[in-house]
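Novice: Chain residues, written in single-letter form:
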Amino acid sequence: MADDLEQFRRDTRAWLEANCPPEMREPVRSEKDICWGGRKWTFQSEAQRRWLEIMAERGWTVPDWPREYGGGGLSPAEAKVLRQEMASLGCRKPLESFGISMLGPALLKYGTEEQKQEHLPKIARGEIRWCQGYSEPNAGSDLASLATRAEDKGDHFLVNGQKVWTSYADQADWIFCLVRTDPAAKQGGISFLLFDMETPGVSTKPILLISGNSPFCETFFDDVVVPKDQVLGAVNDGWSVAKYLLGHEREMISGMGGRSLGPSLPELALRRAGRDEHGRLDDPVLRARIALFEVRSHAFAAMSERFLDRLKAGSVHPAQASMMKYLGTELNKDRHELLMAAGGSEALEWDSEASHGGAAARAWLRTKANSIEGGTSEIQLNIVAKRILELPEA
Amino acid sequence: MADDLEQFRRDTRAWLEANCPPEMREPVRSEKDICWGGRKWTFQSEAQRRWLEIMAERGWTVPDWPREYGGGGLSPAEAKVLRQEMASLGCRKPLESFGISMLGPALLKYGTEEQKQEHLPKIARGEIRWCQGYSEPNAGSDLASLATRAEDKGDHFLVNGQKVWTSYADQADWIFCLVRTDPAAKQGGISFLLFDMETPGVSTKPILLISGNSPFCETFFDDVVVPKDQVLGAVNDGWSVAKYLLGHEREMISGMGGRSLGPSLPELALRRAGRDEHGRLDDPVLRARIALFEVRSHAFAAMSERFLDRLKAGSVHPAQASMMKYLGTELNKDRHELLMAAGGSEALEWDSEASHGGAAARAWLRTKANSIEGGTSEIQLNIVAKRILELPEA
Amino acid sequence: MPLFLDAEQEMLADTVRPFIAETAPVAHLRALRDADDPAGFSRKVWRAFAGMGFTGVLVDEAHGGLGLGQVEAGIVLEEIGRNLTPSPFLGTAVGAVEALRHADEAMQGSWLPRIVSGEVVAALALDESARHRPERVALKAERHGNGFRLSGAKQFVAFGHEADLLVVSARTSGGAADEDGVTLFALPRTQAGVTVSAERLADVSMAARVELDGVELDGSAVIGEVDGGRAVLNRVLSCVRAGAASELQGVAEGASAMTLDYLKQRKQFGRVIGSYQALQHRAAHLYSELEVARAATLKAQQSLDAGSDTADRDASVAKAMAGMASGLAVREAVQMHGGIGMTDEYDVGFFMKRQRVLAEMFGDTDYHADLLARMEGY
Amino acid sequence: MPLFLDAEQEMLADTVRPFIAETAPVAHLRALRDADDPAGFSRKVWRAFAGMGFTGVLVDEAHGGLGLGQVEAGIVLEEIGRNLTPSPFLGTAVGAVEALRHADEAMQGSWLPRIVSGEVVAALALDESARHRPERVALKAERHGNGFRLSGAKQFVAFGHEADLLVVSARTSGGAADEDGVTLFALPRTQAGVTVSAERLADVSMAARVELDGVELDGSAVIGEVDGGRAVLNRVLSCVRAGAASELQGVAEGASAMTLDYLKQRKQFGRVIGSYQALQHRAAHLYSELEVARAATLKAQQSLDAGSDTADRDASVAKAMAGMASGLAVREAVQMHGGIGMTDEYDVGFFMKRQRVLAEMFGDTDYHADLLARMEGY
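Residue numbers (the numbering used here), protein chains in the order written: chain Z, 617 to 1010; chain D, 617 to 1010; chain C, -15 to 362; chain G, -15 to 362.
Keep in mind that the hints were calculated from the coordinates and are not lab data. Remember, predicted model here, so these are calculated numbers, not experimental data. We put the beta carbon where it would ideally sit given N, CA and C, even for glycine. Worth double-checking, as some hints may not be accurate.
Said to hold, decoys possible - Stretch by stretch, here's where chain D covers chain C in the computed footprint (C-beta under 8 Å, at least three residues):
| # | segment |
| --- | --- |
| 1 | -15 to -2 |
| 2 | 109 to 122 |
| 3 | 243 to 253 |
| 4 | 271 to 277 |
| 5 | 354 to 360 |
In isolation and in its complexed conformation, chain Z is listed as follows:
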């Protein structure tokens, strides 16, 4: 079997080398280099379009989904090999998508055969771009208190209400959305709806963040008609679907604190702060704080590796995703605090050319949302305390 895998590795590498356009092997430099697909998408280049098409053709935009839904049908081991080879050749991801990372797994688990046939292949081919409608102004951490209503009108639901923090809602084609179908129950009165953002009554408004422009929107529903077969899972059982999906989201976000490609924190700090006469970073206290941070950062990289290995082996406690989310986002915030300290006054510039439009300061501010979005750090700690440590409710 190890031999088969080695053969697969050789074949994959050869295919990637032959087929991945050179432009798609350049490092990602800006938002525009990331392909999100969807009806409104404008490809940045012919290479970006081609790369998506040929990868989608092999099912390799979603390598571990079943072939019948547009996936590659790869085993976990093969999918890992593909990832490794793409990383080693510097191939860009052909498609970034909430459909892949969030909705897909939930559709595979809870979808009817019709729903899977309808939605999964379009996700795999990047034809439909999805967004997520969970949070509301008065339902942040306490999602179960959401108020957006879907009234049962016989053959359809009539949806009214407001969502916040819907990323890229203004660019998405469809939304997966938590709505209240039973006002009497709390968690037990929520359903998980799928509907087209072009349905009459849907409107969006971008949210400006403290860091500047953001992908986030407020999304408003005013008498939106949603056919009843567009419920994922059972009516009033949307909470189960949402929890399953949130677990996947946390795993995704938890990767952020890891050691990313590109220059390390010490390298960046050295560029900004320089060296003293002994060759050390020219700020002894900052150097010590960076060194202590790097201990944590390396250790967290090991933790991420271990978490993913155990996830694949099915031996990880599911609530460890909460731990990873907590650790990764807090670490990422610390990292940017240190980068700001290393940058001194130049890192404070907000729109100068030299600062690339305030890139350092905006990135630093943006990280502050990491420990809020996808479940706050406080919520993650609650989950670890209750589900892993089994500490009692108050």
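We have chain Z; now place chains D, C and G onto it with these hints.
Specialist: This is chains D, C and G only, laid out in the frame that chain Z set:
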């Protein structure tokens, strides 16, 4: 008035210079140099006895108590001058006493005239040594759940139960003690009793700490008869007395984190760890941690000064004593962690002569109790949150 | 001197607080930001401050000022911080005025009354790299005829593009790191050879890069002694550090107050979130840190006013402690507000941005911890 | 290699765990302490470990060992840590065995089988000051006839007073800080000129000061190459650092388990204290830290077993991270236990003491953070 105070300063200084025995102006080197008084006390020297006697004669063991109860009758400003002059001449305190620092203020506020006449002068002269009976094995932070019972037997109470953490119970003459007089009420069923430790039925057992020998004892009451006029405050109103007294204890303990006399942390760290070739403490990360600690330590010294100044001026929020206790004890723990780090393997020795019987390690371990005794850090934070920040109950 | 405000200082605070809250609240900052105001502060507000006497708080009465001390300047700065008022107050009314105290009467007479009147804005041009290292002075001032010729560059000069007067540290002898050989100059911004280019910072304020290309000044532009400017420079730095600590205190208190309100109102899971013990303990810890920072800052200002030997150390402690405490305050503020705290529409993000700029200005906590270690010999 | 224990390693853990818990639980430590045992560990327990094969876990099968790796040694060490078993395992079965791997066959044959059998205890004599600075080697080994004459002193030699074999780093050429010129020696403790004096440490273990006064050794006592001992020394250090991290992990897990139990039982104010959210968050944070430390340690041991280029770095990260996480674990354990945790009668204090000793051994977090910075060039 400022002139009067200057005259008082000159007179005080002159009197101290003339009367304080030279031995009593040596720095305190060991436990034995601290005079606690009481029936069982053995003076370490004639000078120690004489210093207590002449100071007690002037009422200067308790300078700001009224003269009629053995005090010095000094104004707050005069008492401060006395403290300053004693510090500047290096005079030792003539008497250390829980009677002075804890019980006295409560007696002055809640005592009957007979109680004040009976107890205060003996405290002032160091004739009677007091200990405190608050905590019980099942009533730590939750003092109000204490179970030691005092049954009303007409002309006396019959006391049964157990106390823990009674400091120097084995050397004290009298105890002030919280007991339950009404089993039905919680806080409202507690009374504050005073009784002689030689009363039949009282026994003590020392507690060995993780740092070694300690002044703490377990204290047992087995059918102890206490006359009814030995209740301080009203029956079932002991909680008010106890709270008043705990406030004073916290103020005392909160002083601990301040910058004490003697070598500073950096000085001690340098002695232990030495300098590198650039003249800096020979461990760059430890040096940075010490420098950041020293920022806090200097700042806390300012905070202590401000707290005491405002306390004297009557403008401090009473719950700030909790904040001071929290900050001071946490800082003191951090200080000893850093000292251990600076000491390396030599600081780990437990009973060698070179380590003065493991002084560094034992002191470090002992500090761990600072944030437990006198109300845990958690309790202090609860108090600050509720009483100063006015955050609501859960 | 007891370590709390005396009755007169409390009275001053009672005057300053409502005045600044009405004249230049956070909405004022937002309006300047939305207008992309090129000055980064309002001259109108500046003149209003002058009208109240604030700009002359440290100027002696002979020059029309209030003749008060660093403690009183700190009272004004705390309210500037609490309201996030964009203002050249720290550089002008504390930094430049403190420098000018060491100037001769002619120079004082020419600048101080105009600072008091609100006509003149000043700025400190001390940093030569992105990181605060005022102990290294490389900008050259060479003898030239009766005076000097200055060449070199300074950066992070707050509101330098709008300043009429720049206080510049320059090297008149020795090498960049030498203790001696530093001279302070009073440089009018419009002098020939001065180029100023300003950039917007994260907090809406503006900071300038100042380039001097053979700028000629005569001897009367020297503040204090030629080659002996280090002592004045250190004194000025200690004053603006303590002042920045006060402003940070105000920023932190403002953010905390918003957060406490929010904790008492926002409900999640059927309870006001301020009733959750984990948040209560963090709020109580934060309160404690802010109280400590306040004590350290007041101590520094009293020490500066009393001319105490420990004034420089106390100022470093104050700036370092204020940096830590206020950093915690704004981080907790954003985190405890949750998503809404991340939106530009809500004010709390402005507190985080201003905190960051002030934390950096005149040395951050790392810098001052290291300086403290050097002062104390380890 | 996936970053978790494989099936065989899990089986080993399942064997080791109950065995050590029964053979040498915390009560065993307490008994040794109460008896003021001069060895500081039990030879009987040591032989029992040998009987299970533990002492030979890293010894190749040719010399009677199990021929396993650092991961497996770590499994044993974690249980030693969890039970606070006083044991020379780290110095002997990891440190000395790893050093002897680089020795010639004659030396291996003379020591390894006796380590496997439990007859021999060994110790590492590497430190020359109270603070871990193994990169500085001043103890002199001068050429003398066919061999060497050693003079100097080592300290913090764990169980050195009971060791039959001392592995000593010595300077055969160059200055104390030089990279080259270091040689490792296998020194029988009973050799003439060796003086060993041991002191009790806070955790009941014993550490020795070893003085060498013209100790004569012939060339066969050299481990590896003369003057080329640095690489072996670094490898040995990385192994014992990762091993100490495993032992710290066990200490931390033991303390945490006690604390979680206590949180679930102890009532205050009518509620189990583990239901208070502030304590829940702290417990969850601690759990997270311990999981990270565990991952870092396993990573280091896998790297060492695979001969990875990053093994030394990974070992420093593991020791530093384990030091932080376990320090938090024991501090939280004592604090959350309240008064009872401060009593000698209760076990939790022993965890704090052992943690402190292990955190110091082979470099504390500060040392390794600095070393990491140096490795990464800043």
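Novice: Flag every earlier hint the structure violates by its number, smallest first.
Specialist: 2
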